[in-house]
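Sequential numbering of the first sequence, starting at 384, is according to my numbering.
It is worth saying that the hints were derived from the structure and are not from the lab. Hints may be right or wrong, so weigh each one.
Said to hold, decoys possible - Below 25 Å or equal to it, Euclidean Cα-Cα: the simulated DMTMM-like pairs (lysine to aspartate or glutamate) are:
| id | residue 1 | residue 2 |
| --- | --- | --- |
| 1 | Lys806 | Glu827 |
| 2 | Lys778 | Glu748 |
| 3 | Lys1191 | Asp1124 |
| 4 | Lys1130 | Glu1031 |
| 5 | Lys1189 | Glu1143 |
| 6 | Lys778 | Glu765 |
| 7 | Lys768 | Glu815 |
| 8 | Lys1189 | Asp1207 |
| 9 | Lys979 | Asp1073 |
| 10 | Lys1115 | Asp1073 |
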Amino acid sequence: MLDFNAIADKWQKKWEKEKAFAVEVNSKPKFYEAIVYPYMNGLLHLGHLFTYTTSEVMLRYKRMRGFNVLAKFGFHCTGTPIVAAAKRVAEGEPTQIETLKKMGILASEIPKFKDPEYWCSYFPEETLKDVKALGFSIDERYSFKTTSLNPPYDAMIRWQFNTLKEKGYVKQGEHPVVWDPKENVPVGDHDRIEGEGETPKDFIWPKFRLQDSDLILMAGTTRPDALLGQTNLWVDPDAMYKIVHVKGEKWVVGDAAIQKIEFHLGFKPEVVGEIASTELIGKWVQGPLVDYPLYIVPAWFIDANVGSGIVYSALEDPVDLIEIRKIQSDKKIIEKYGLDEAVVAKLKPIPIIDVSGMGEDLGDEIAREFGITSSEQKAKIEKAKSELNKRVFRKGVMKESTGRYAGMSVPDAQEAIKEELIKNGDGVMFYELTGKVVSRSLAECVVKIVDDQWFIEYNDPDWKKKTHECLDDMKMHPEVVRKQFHYVVDWLNHWACTREFGLGTQLPWDDKWVIESLSDSTFQMAYGTISKYLQNPTEYGISSDKLDDGFFDYVFLGKGKVEDVVASTGISKKMVDTMRGDFEYWYPFDFRNSAKDLLQNHLAFCVFNHTAIFPKKHWPKAYGLNGRIMVNNEKMSKSKGNFFTARELYSLHGPDIVRLTSANAGEGIDDANYDMQFLETAKRRLSDIDLFIEEYHGKGRKSKKYIDEWFISVVHQCIKQATHSMENVLFKSAIQHGFLDMQRHLKWYMNRTHDDPSREAIDLYIISQLLTLAPFVPHFAEECWEKIGGEGFISHGSWPIADDKKIKESMHVGEELLRDTLADIRAVLKLAKIEKPTAISLFVSASWRYSLFKDVAVLFEKDQNPKSVLDGIMRNPVYKKQGPWISKNVPRMVGSRKIPSVALSQKEEMNMLAEATHFIKEIFGCDVSIVSADKSDEHKASYALPGKPAILVA
RNA sequence: GCGGAGAUGCCGGAGUGGUCAAACGGGACAGGCUUAGGACCUGUUAGCUUAGUGCUUACGCAGGUUCGAACCCUGCUCUCCGCACCA
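Please model the entire structure based on the sequences and the hints provided.
See the structure below:
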């Protein structure tokens, strides 16, 4: 077995010494691969390895296809996770400390990780070591960290945001967040003890003005559409409601609503009084959108502590319907609360929505459907209610009677009504959590409206349109993700792009805010074209602190005058023009691949940002998406013990093996499976190749045989298929064709030639095999390349090109036939219970059957009826003599659709078998004869069909 | 709930109207080589079968289209992924 680590080490040193992957602009066609940078809160793990192997294989492939390839590696350092992790270290949290220790960090070093900045220097350094140890062919000079600690990068992000703002894509506004009232911080999904996945849901609180009073009853709802059919107001009969002062109004709400108001409106409302629900019941209010007043009625399902504590009813809801009927038929209640019996009796639903498949009275109908007969069937009633809501939301259309809302779908009407209420001061938006959320500080969270949040306006329709356009023009690997992208672009709303803490660039015009890390990484690909200069400022005469918007305007957009840039930045004119030239040469990026998690945020944002800032010619060209990695078919996780860092794997198996296994793990968007067994398979297979080269390179027979031509043909075939797979980012398939298939064919070839291959075929094979393997296992390929005296680095070699003229399908069919025949002989021997045959005769089909089945196939094309095919055949006098056989067999074959396909002529079949006679003899250790059925009286011979010789064993 | 992907033999995973009992890899079994093991080589790996190119049962479940379906259509069941201010 080869020492894969030693080989890797040797070649990495050579590459380094000869600067094998140094990138310069030149006259070749370019390929800019924008690798996604890993987040620097830890070492690279298997998941990264999988994604980056795709990136690496792609760029090596493109390099071998003659492209000038720009590839670099960077380190993502902005955002909150590093800060949060550093904080956990400072607090001495054991799991965090254990995580660091597992990454090989000494206990004595751990205190340094209390400082987030230390993370930003430690992990990038270690990651770069990993990347080099894996043999990634990147140019290190282009590397950079995405952090405000990196001044030129920081300057670029400021330029990006200034530019977006100028274009009107960055705006300030309100935003609901899940809020920890104890710590006074927003609580993300991951920072919760309870309630992961719960989000703020928007409610509207319409105002119901009490008649002859200045009190306003607030009735929260998610169904503003139903206001058009409002019938009455429900209050909790046992509650004491609060009267609070809000912006000059007196609101009547439940107790719990007071805190909600505080968080939503940003101030504590003054409680100016109380009012018992009994004082409200039987009075009248005026609601929005209608011209009639509503009666206030008690309801026992109302809880003053939910929502605003008051609910309005449209009586279409089965819960409401049952409640009102109960009251209508209960004199005691009417008396107790002093209700007007005549008014109560008149309360009934006002139909406002058409739901296809349902009649006028939605509430009654759904109650009937669910078999509800009494108000006691609470579970059933709830089910019926949610089913009705679902149907209304999905299929409901506003009725003619709803005036300007007529014909609108229910969701549209809801939005329109909300807008209308807010505009007229008839309602206020509120947010409530969809479920209970408890933060790490054990506080129950609430929704808070942040009103000075900055947003990127991804909801802008024109911008969306441009983004769709860009997506349409991009190549997507695999194609299915395109649909997903379009969906995401439509769904994206404005995006809160700043936060109050964490690492990142300060918002240029408002230093309270730091730019959020998904928003600051959408543009680094442009920066990456000139990072070689900006990250090595002294070498190129650049002062990072002088980089201003004018500089980036000029380099990226060609705006302004070079003299002005020179004047303000102090960079030489030549240097500025070099950077401008480099950018123009490299941009746009040609490929960017990542795991599918980034689709709905980063990759979508990236397209948005490009269409906003750049002209069409600089829009992204292609995306590649891969699934997540599984290990031996289990999700990778620390608790399962199948979590591997990249360095654990490559130091044990060597980078080539790890890379090959990665590339073989899967392709496309489905989850990939890292097969630990394949690590060993890969080692054996590669070692075999090495041994084979030692033994056979430069040797072999000069004479030419049939089978040599076959092997040359299949090698070209494999190259062709592998190339096709590479072009489509299907690397598992590429390994299949370019490696495993070729190996299999080689084995067969060596068997067929009795280990006496032709020199020409073997040379072709060895060179092709090394070249197709080079992107996957570059160190191994270099080692073998050196052994066979290849020129320069194989990393700089040319990907092999398949020669279609050398691919001979009929030869492939011939070898298939041989393999099938061998299998048939074995089957016959088994059935005949003969262990050691003394003679085998193979009968090749009679010649007339070849033309017969060609004719049958033609007739079958036109008409699948067995009888008409037979008639057609028998019309030809040539077949008259064979009439009995044909009329017996042809209809049967046509009926069962098992018509032998004639790929080889009788002569070809004969020659092929004659050539292989010696080979067959060896296998069975007996005499083998090949006979044409035309020249044999043997009964068995009549069984022979084209492509299926008859067999006689003795 | 919304959107996406998927369900194939012992396992992973190709295949997307006839040439499919189904590539390739792995595992298992048998034989060869070997002192033995490993590695390597050869074969077997749904069942039946009169000496084979045949039959039966099979590609989540149930129907349908078709001369013909793993592949197309309809319904169902189940699995995975994402749903935001978080990388």
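Do the hints match the structure? See the list:
Only pairs whose Cα atoms come within 25 Å are accepted, and Lys806 paired with Glu827 is rejected, the gap being roughly 33 Å. Taken as a hint, the Lys778 and Glu748 pair is honoured in the structure, with Cα atoms around 16 Å apart against an allowance of 25 Å. As the CA atoms of Lys1191 and Asp1124 are separated by approximately 17 Å, the hinted pair is consistent with the 25 Å bound. For the proposed pair Lys1130 and Glu1031, the alpha carbon gap of about 34 Å is over 25 Å, so the pair is violated.
Our distance criterion of 25 Å between C-alpha atoms is met by Lys1189 and Glu1143, whose separation comes to about 13 Å. Only pairs whose Cα atoms come within 25 Å are accepted, and Lys778 paired with Glu765 is accepted, the gap being roughly 20 Å. At most 25 Å may separate the alpha-carbon atoms for a hinted pair to count; Lys768 and Glu815 meet this at roughly 20 Å. With a C-alpha separation of about 30 Å, the suggested pair Lys1189 and Asp1207 falls outside the 25 Å cut-off, and the hint is violated.
At most 25 Å may separate the alpha-carbon atoms for a hinted pair to count; Lys979 and Asp1073 exceed this at roughly 37 Å. For the hint pairing Lys1115 with Asp1073, the CA-to-CA distance comes to about 22 Å; that is within 25 Å, so the pair holds.
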